[in-house]
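> Here the structure of chain A is known, so what remains is to put chain B in place on it, guided by the hints.
Chains A and B, in that order, are what the protein sequence lines are.
For the first sequence, numbering that gives the first Met the number 0 gives the first residue as 0, with consecutive numbering after it.
For the second sequence, numbering that gives the first Met the number 0 gives the first residue as 0, with consecutive numbering after it.
To be clear, the hints were calculated from the coordinates, so they are not data collected in a lab.
A virtual CB, placed ideally from N, CA and C, is assigned to each residue, including glycine.
Treat the hints with care, since some could be wrong.
Stated by the list, open to error - Sample of chain A residues facing chain B (criterion: CB under 8 Å; computed from the structure):
#1 59
#2 120
#3 213
#4 219
#5 221
#6 253
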Amino acid sequence: MTDIGSILRKLSVLGAERPIFREGLRVLSNGVYPPPLAALLAEVDTTILKRQLEFQTGDSRLVMTVAGRRILVLNSASPDLVAAGAPLGQPLSPDDGSAFEALAEALVALCAPERVLTVDCSHPDASASAASVGISGEALAEMLMVDPSSSPVQMFIEACEPQYSACLFWSGGAWIGHADDQALLARLRPIAEAQRQRMQSAYRSADQSGEAPRLIILEKALADEGSVSAAWANDEFAIFVHAPEDCAAIHAAWRRIFTL
Amino acid sequence: MPSEDLDLLQRQFPDCTTLAFADIGAGMVLVTNSDAALEQHALNRLCAEAAATLAAQGGLSPQAAMICTADEIRVILRADKHPDDVLICICSPSLDLPAFRAAAQATLGRLAAAD
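With the rest of the complex left out, here is chain A (with noise of 0.2 Å):
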């Protein structure tokens, strides 16, 4: 049966705007969002001809022989990739429980969070990994139970629940509310549905698609000098009311996971 999420996900990737390079490598994961696992696997998961990629974070590095959506065959890693030292060279498949397990531990060690994950891609050698099976990138997300489908704007509220006293989150065509203040929720509510609107029609006069990343903090916008900041992302919404002096931290925090 055709998995339509699956396919989303690989179009978005495959149809991502502008990709930003660092020093000449392309840059997969700022550390934070996407998580680096999840974008080292859908990097996997989105290369069908046969390449040799190269991941990065820091001094750790990882070069590998992919193709068909598969890990053929791991062909060098830095020292303090320590798991990755048994499966070296040797042709990869889900049916050797150990290698499999053993290039798992390496990809974990390899995306520690908050380390920035590049890629560099080339062509292998024209002898490489001919007779390997290979290890698709869904089969080691599914071990690793990586969430391919995490929301970075989810991840910018829940940042920011320090900060906000009343928050609502517009996913999958309903609005998810969380205050301590039930009455202040109900005031959030008429604003939330104007501004998530007049966001729509600044996307579309900007004539930019609804996934990319934009911030807009409203400063002492309510009659009691509280302060609006509204968040949108991959057709996701989320508005929440905060004291104005938290403008410096939330904004910190959108750079954090929405700046590769």
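Quick look at chain B alone, frame taken from chain A:
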């Protein structure tokens, strides 16, 4: 007409490329920094967008706004004593927002007092 105050602020914060002091009541940009590379129609649109962002509507009446995208931060500040006088700032994402926010508000205060 370029403003020395705006040029000074821009030199302090090179991440800020365009600074425009505007009267949103009149819908007019009054002065920009010397390096602002925007033509008149672009300045007019900037002013109109700032007025729309700060306009009281739907239960909100913001005193200032920050609009952040992957490419830029747009800061729109309203003068404390002259609510139609605003400073519109287009900056790169690497801007030190808290430091800039304080300096820009002080600059706006001086421009509005002299207006």
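> For every hint, state whether the structure bears it out.
Taking the hints in turn, this is what the structure says about them:
Hint on residue 59 of chain A is violated. Least Cβ distance to chain B is approximately 26 Å, over the 8 Å limit. Taking 8 Å as the C-beta contact cut-off toward chain B, the hint placing residue 120 of chain A at the interface is violated, the least distance being around 23 Å. For residue 213 of chain A, the suggested interface contact is upheld, since its CB lies about 5 Å from the closest CB of chain B, less than 8 Å. At a threshold of 8 Å, the smallest CB-CB gap from residue 219 of chain A to chain B is about 4 Å, leaving the interface hint in force.
The interface hint given for residue 221 of chain A is met, as the beta carbon of that residue sits about 7 Å from the closest beta carbon of chain B, less than 8 Å. Contact between residue 253 of chain A and chain B, as hinted, is supported at the beta carbon level, the nearest pair being about 6 Å apart and thus within 8 Å.
Comparing the model with each numbered hint stated earlier shows that hints 1, 2 do not hold.
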